[in-house]
Amino acid sequence: MSIHERKAIASIIGTIVISIAYAAYMIQRYPVADWYSADVFRFWGAYFLILIPVSIVAKIIIAIVFSILNTIATGEAEPAISDERDQLIDLKATRNGMWLFVIGFLLAMGAVVIGLPPAAMFIVLLCGGIVSDLISDFSQFYFYRRGV
Amino acid sequence: MGKPLPLISNNIRKLRFHHNEMTQQELADNVGVTRQTIVAIEAAKYSPSLELAFRIAHVFNVPLEEVFIYLPDHDPILKQA
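From first to last, the protein sequence lines are chains A and B.
When you line the first sequence up against the working numbering, it's residues 1 to 148, in that order.
When you line the second sequence up against the working numbering, it's residues 1 to 81, in that order.
Among these hints, one or two may not hold up.
Unchecked claim - Incomplete in silico selection of chain A near chain B, CB under 10 Å: (1) H4; (2) V32; (3) D34; (4) L88; (5) D90; (6) R145.
Stated by the list, open to error - The calculated lysine-lysine pairs, modelled on DSBU-like cross-linking and capped at a C-alpha distance of 35 Å, are: (7) K59(A) - K79(B); (8) K79(B) - K14(B); (9) K45(B) - K14(B); (10) K92(A) - K79(B); (11) K59(A) - K92(A); (12) K59(A) - K14(B); (13) K59(A) - K7(A); (14) K92(A) - K7(A); (15) K45(B) - K7(A); (16) K7(A) - K14(B); (17) K45(B) - K79(B); (18) K92(A) - K14(B).
Stated by the list, open to error - Pulled a few chain B residues facing chain A out of the computed Cβ check, cut under 8 Å: (19) N30; (20) V33; (21) Q36; (22) K45; (23) Y46; (24) L50.
The set of hints was computed from the structure by calculation and includes no laboratory data.
Every residue, glycine too, gets a C-beta built ideally from N, C-alpha and C.
Based on the sequences and whatever the hints tell you, model everything.
Next up, the structure:
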């Protein structure tokens, strides 16, 4: 298994752990109010706003820890450059992730259209974001393994 | 549906051998890519850009068609015609 494949797996595990840990932490702060209260909107606004920097910092830490552990375990240093194949795979993986995000966004809007509470829209949007991130990482793993 | 057959084969492994058993890392450094990309090209899992293909041929000092071989029998577009 190449370093890029291992890196993609580490990123998938990181995304799952961050999503679950953050949701478990934030769910305790969910406002006990009716479905359409302003507090619910405030909660979800804060949820997304805090999630973005938290996930960026956590992913940077995971990437650093992975790089150190990988070098210790295999003696193989991470490539210093990102060449044309890396960029092509990154592009294709991002495209797949974006498709999933668009589907998630449309489903979230659909939830509003059929009259579900705003929380449902935010949850679908959040799940769409997480799934798109996972698909992007999984695509990277797939393209590095199967070829592109 | 199985994996499509590669459209382009190559002689990189043979050429490396004939150039003082050049390592994949040495070739990668000479053409400005990672060793994993050379591994993928040799295994026909990645078709390089024209620039990279010419760079590889230049390192071995041979024409492009001595490094890469197009396999029309594997090309589904030609089979349709």
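Hints, verified against the model:
no., hint, verdict
1, H4, "holds, 7 Å"
2, V32, "violated, 52 Å"
3, D34, "violated, 52 Å"
4, L88, "holds, 8 Å"
5, D90, "violated, 13 Å"
6, R145, "holds, 9 Å"
7, K59(A) - K79(B), "violated, 46 Å"
8, K79(B) - K14(B), "holds, 30 Å"
9, K45(B) - K14(B), "holds, 17 Å"
10, K92(A) - K79(B), "holds, 27 Å"
11, K59(A) - K92(A), "holds, 20 Å"
12, K59(A) - K14(B), "violated, 41 Å"
13, K59(A) - K7(A), "holds, 11 Å"
14, K92(A) - K7(A), "holds, 17 Å"
15, K45(B) - K7(A), "holds, 19 Å"
16, K7(A) - K14(B), "holds, 31 Å"
17, K45(B) - K79(B), "holds, 21 Å"
18, K92(A) - K14(B), "holds, 31 Å"
19, N30, "violated, 13 Å"
20, V33, "holds, 4 Å"
21, Q36, "holds, 5 Å"
22, K45, "holds, 3 Å"
23, Y46, "holds, 5 Å"
24, L50, "violated, 11 Å"
Checked against the numbered hints above, the structure violates hints 2, 3, 5, 7, 12, 19, 24; every other hint is satisfied.
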